[in-house]
Amino acid sequence: MSPSQVAELVEAVRRADSALGLLQATQALAASAHPDGAACLVEILGFNNPGAAVAAVDGLVAIGTPAVETILSNIDGYNYGARAWAVRALAGIGDVRGLEVLEDALGKDIGPSVRRAAARGLGQLRLEALSAEERSASLSRCLAVLLDGCRDGEWVVRYAVIVGLEHLAKTWFTALQASDQSALRQALRQLQDNPEEEAAVVQLRAALALQRLEEAHG
Amino acid sequence: MVAGPADPPISGNGDPISEEEALRRLRLSDDPSAQYYAAWWLGRNRSSHPDAVPLLQEALRQRRPRDAGAGVEENAVARNAARALGKLGGAAEAAIDDLLATLEDEDDGLREAAARSLGELKARRAVPALQRRLASGPAVAGAQRSGTPRLQEPCEALLEALGEIGEGSAEVVAVIEPFVQHERPLIRSAACRALLQLTQEPRWGEQLLALLQHQQLQVRRAALMDLGGAGWRPALPAIAATLAENSLKLIALRGLVENQDAGAPSQLDASTVAVLEAMDDLL
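Top to bottom, those sequences are chains A and B. Using this note's numbering, the first residue of the first sequence is number 591, and each one after it goes up by one. Using this note's numbering, the first residue of the second sequence is number 22, and each one after it goes up by one.
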């Protein structure tokens with residue numbers, strides 16, 4: 591798709607004068623997955639139109655790495671809804687530049703759906719291209735905030751933390767220091783066995799993660 | 022499940038207080054706002070303090086005239102007390118007679134809260150009363166009252182409670198069945214859920230699947246919760262594909278995992294793992 595075609599799609603978003611019109615224009619722009627559309631997609635996250643925001647997040651994830659700078663430089667400290675959608679986009683893209691935002695979101699955000707998305711995202715950051723040293727530092731940060739998230743008050747966040755830990759272990763278990771490996775196992779065991787856990791599904795998910803970890807690494 | 026229209030909202034975890042403080046506030050019988058919050062807090066945090074149930078029983082008996090200045094309308098404290106008791110499990114056994122008495126109250130909002138809690142407590146003793154409230158069928162118990170959108174009886178709550186309690190005698194099933202034809206889709210959804218729980222017949226689950234396609238989001242949400250409540254696993258692909266918030270789909274899928282007969286959710290069989298993997302995709 592040529593830049594002028596993308597500009598037309600952006601123009602169509604600006605002209606949309608109804609919720610449905612905005613949704614359709616956003617879907618068309620998102621489907622282009624063109625980096626020139628990123629700024630407009632980020633803007634849509636702040637429009638308070640959930641349907642369009644879902645489409646814009648999909649579009650940003652499809653653009654991937656080239657969208658990250660635009661997302662990060664437009665994080666809106668005052669618009670809660672827009673920030674929540676930006677966290678989802680960063681979680682979906684998995685670029686390590688999003689780490690700080692994801693850490694903050696899992697640790698501090700008031701919305702369980704944002705913490706949930708951040709926990710998942712922290713397990714699937716793409717760390718392959720980093721130097722061993724940078725990778726190890728990033729892994730430690732991801733692990734630390736996920737371990738804190740095990741005590742989240744919402745079952746769905748604890749569930750997402752388990753999925754985050756599982757993904758992290760799947761790719762990077764052998765790259766973790768021995769003490770971090772045992773901390774990760776220990777956290778999953780505690781979630782599995784916690785007698786205070788109200789959600790059986792959380793215990794089951796922890797059991798599944800442990801089973802998979804044992805199959806892979808004994 | 023749903024707060025009554027006149028209930029003041031309590032957001033998130035509310036004002037962070039200790040259990041002692043909640044119990045203290047619940048004793049303040051001249052401050053309904055404090056009691057309202059305290060009752061909610063004790064339920065939300067599943068208090069196991071020995072004073073919680075007796076204080077909630079007392080609050081349940083409390084009826085007050087409307088006092089606009091207090092910010093809490095008539096019977097709001099009693100309603101929250103009824104709801105809280107439903108969350109306290111075995112400890113609330115002692116309050117079942119109070120909840121049964123509340124099921125006869127003239128305030129249908131209170132009857133609704135009591136019915137839901139009796140369902141959550143799986144109170145078998147409540148079956149005859151719940152059944153009696155519904156026996157006149159959709160045309161009478163399920164008729165809309167004049168001047169309000171509310172029905173003569175809180176049908177949704179009564180139907181759900183019968184399903185939760187799980188006593189599926191032919192008589193109970195016969196009382197519920199006519200509500201599958203109710204003009205309101207939310208009542209149809211509740212009736213199908215109860216019948217699915219009581220009979221395990223797939224035809225009721227299939228009717229709920231059809232409601233997942235309903236044009237109104239509110240109906241799709243209710244059908245999601247009802248399929249989750251019934252734990253009907255064949256609904257898995259349809260739930261994952263429903264046009265609704267992921268948060269609600271996750272709750273429904275949690276229900277598919279947890280709401281199984283006799284202790285099944287402790288196993289990681291292939292069917293359970295399939296539900297968990299569908300949940301992973303929605304996070």
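Hint data in this document are derived by calculation from the structure and do not stem from the laboratory. Note that CB positions come from ideal geometry on N, CA and C, so glycine has one too. Check the hints yourself; a few may be wrong.
Unchecked claim - In silico contact screen, one side only, chain A against chain B (beta carbon under 7 Å); selected entries:
1. Asn-638
2. Gly-701
3. Arg-706
4. Val-791
As the list claims (entries may be wrong) - The list that follows gives simulated cross-link-like pairs (lysine to aspartate or glutamate, DMTMM-like), each with its CA atoms no further than 20 Å apart:
5. A/Lys-760 <-> A/Glu-788
6. A/Lys-698 <-> A/Glu-633
7. B/Lys-108 <-> A/Glu-804
8. B/Lys-143 <-> B/Asp-302
9. A/Lys-760 <-> B/Glu-127
10. A/Lys-760 <-> B/Asp-301
11. B/Lys-108 <-> A/Glu-724
12. A/Lys-760 <-> B/Glu-279
13. B/Lys-108 <-> A/Asp-666
14. B/Lys-143 <-> B/Glu-127
15. A/Lys-760 <-> A/Glu-805
16. B/Lys-143 <-> B/Glu-204
17. B/Lys-108 <-> A/Asp-685
18. B/Lys-108 <-> B/Glu-298
19. A/Lys-698 <-> A/Glu-718
20. A/Lys-760 <-> A/Glu-804
21. B/Lys-143 <-> A/Glu-718
22. B/Lys-108 <-> B/Glu-40
23. A/Lys-760 <-> A/Asp-666
24. A/Lys-760 <-> A/Glu-724
25. B/Lys-108 <-> B/Asp-72
As the list claims (entries may be wrong) - Ranges between beta-carbon positions, derived for each pair:
26. A/Ala-722 <-> B/Glu-42: 49 to 57 Å
27. A/Gln-780 <-> B/Arg-65: 38 to 46 Å
28. B/Glu-298 <-> A/Arg-687: 25 to 33 Å
29. B/Glu-114 <-> A/Asn-664: 52 to 60 Å
30. B/Ala-262 <-> A/Met-591: 49 to 57 Å
Structure-based check of each hint:
1. Checking A/Asn-638 against chain B by beta carbon gives a least distance of about 15 Å; that is not within 7 Å, so the hint is violated.
2. Hint status for A/Gly-701: violated, given a least beta-carbon distance of 9 Å to chain B, over 7 Å.
3. The beta carbon of A/Arg-706 is positioned within 7 Å of a beta carbon in chain B (closest approach about 5 Å), and the interface hint is therefore held.
4. Contact between A/Val-791 and chain B, as hinted, is supported at the beta carbon level, the nearest pair being about 5 Å apart and thus within 7 Å.
5. For the suggested pair A/Lys-760 and A/Glu-788, the alpha carbons sit about 27 Å apart, so the restraint of at most 20 Å is broken.
6. Restraint check for A/Lys-698 and A/Glu-633: the C-alpha separation of about 24 Å exceeds 20 Å, so the hint is violated.
7. Proposed proximity of B/Lys-108 and A/Glu-804 is contradicted: the alpha carbons are some 37 Å apart, above 20 Å.
8. A threshold of 20 Å between alpha carbons decides the hint, and for B/Lys-143 with B/Asp-302 the separation of about 33 Å lies outside it, so the pair is violated.
9. For the hint linking A/Lys-760 to B/Glu-127, the alpha-carbon distance of about 59 Å lies beyond 20 Å, and the restraint is violated.
10. Under the criterion of a C-alpha separation no larger than 20 Å, the hint pairing A/Lys-760 with B/Asp-301 is consistent with the structure, at around 15 Å.
11. In summary, the hint linking B/Lys-108 to A/Glu-724 is not supported, as the alpha carbons are separated by about 48 Å, beyond the 20 Å threshold.
12. Between A/Lys-760 and B/Glu-279, the direct Cα distance comes to roughly 26 Å. Violation of the 20 Å bound is thereby established for this hinted pair.
13. A threshold of 20 Å between alpha carbons decides the hint, and for B/Lys-108 with A/Asp-666 the separation of about 39 Å lies outside it, so the pair is violated.
14. At most 20 Å may separate the alpha-carbon atoms for a hinted pair to count; B/Lys-143 and B/Glu-127 exceed this at roughly 23 Å.
15. Pair hint A/Lys-760 plus A/Glu-805 holds up; C-alpha atoms about 11 Å apart against a cutoff of 20 Å.
16. Between B/Lys-143 and B/Glu-204 the alpha-carbon distance is near 28 Å, which puts this suggested pair outside the 20 Å criterion.
17. For the given pair, B/Lys-108 sits about 43 Å from A/Asp-685 by alpha-carbon distance, which is inconsistent with the 20 Å threshold.
18. For the proposed pair B/Lys-108 and B/Glu-298, the alpha carbon gap of about 29 Å is over 20 Å, so the pair is violated.
19. With a CA separation close to 28 Å, the supplied pair A/Lys-698 and A/Glu-718 exceeds the 20 Å bound.
20. Restraint check for A/Lys-760 and A/Glu-804: satisfied, since their Cα atoms lie roughly 11 Å apart, inside the 20 Å limit.
21. At most 20 Å may separate the alpha-carbon atoms for a hinted pair to count; B/Lys-143 and A/Glu-718 exceed this at roughly 53 Å.
22. Only pairs whose Cα atoms come within 20 Å are accepted, and B/Lys-108 paired with B/Glu-40 is accepted, the gap being roughly 15 Å.
23. A C-alpha spacing of about 33 Å is found between A/Lys-760 and A/Asp-666, which places the hinted pair above 20 Å, so the restraint is violated.
24. The hinted pair formed by A/Lys-760 and A/Glu-724 meets the criterion: a straight-line CA distance of about 19 Å does not exceed 20 Å.
25. Taking the CA atoms of B/Lys-108 and B/Asp-72, the gap is near 15 Å; set against the 20 Å cutoff, the hint holds.
26. Separation of A/Ala-722 from B/Glu-42 is about 51 Å and conforms to the stated range, judged on CB atoms against 49 to 57 Å.
27. At about 24 Å, the CB distance of A/Gln-780 to B/Arg-65 disagrees with the hint of 38 to 46 Å.
28. At roughly 29 Å, the beta-carbon separation of B/Glu-298 and A/Arg-687 lies within the given 25 to 33 Å, and the hint holds.
29. At about 55 Å, the beta-carbon gap between B/Glu-114 and A/Asn-664 stays in the expected band of 52 to 60 Å.
30. Between B/Ala-262 and A/Met-591 the C-beta distance comes to about 29 Å, which lies outside the given range of 49 to 57 Å.
Going down the numbered hints, you'll see the structure goes against 1, 2, 5, 6, 7, 8, 9, 11, 12, 13, 14, 16, 17, 18, 19, 21, 23, 27, 30, while the others check out.
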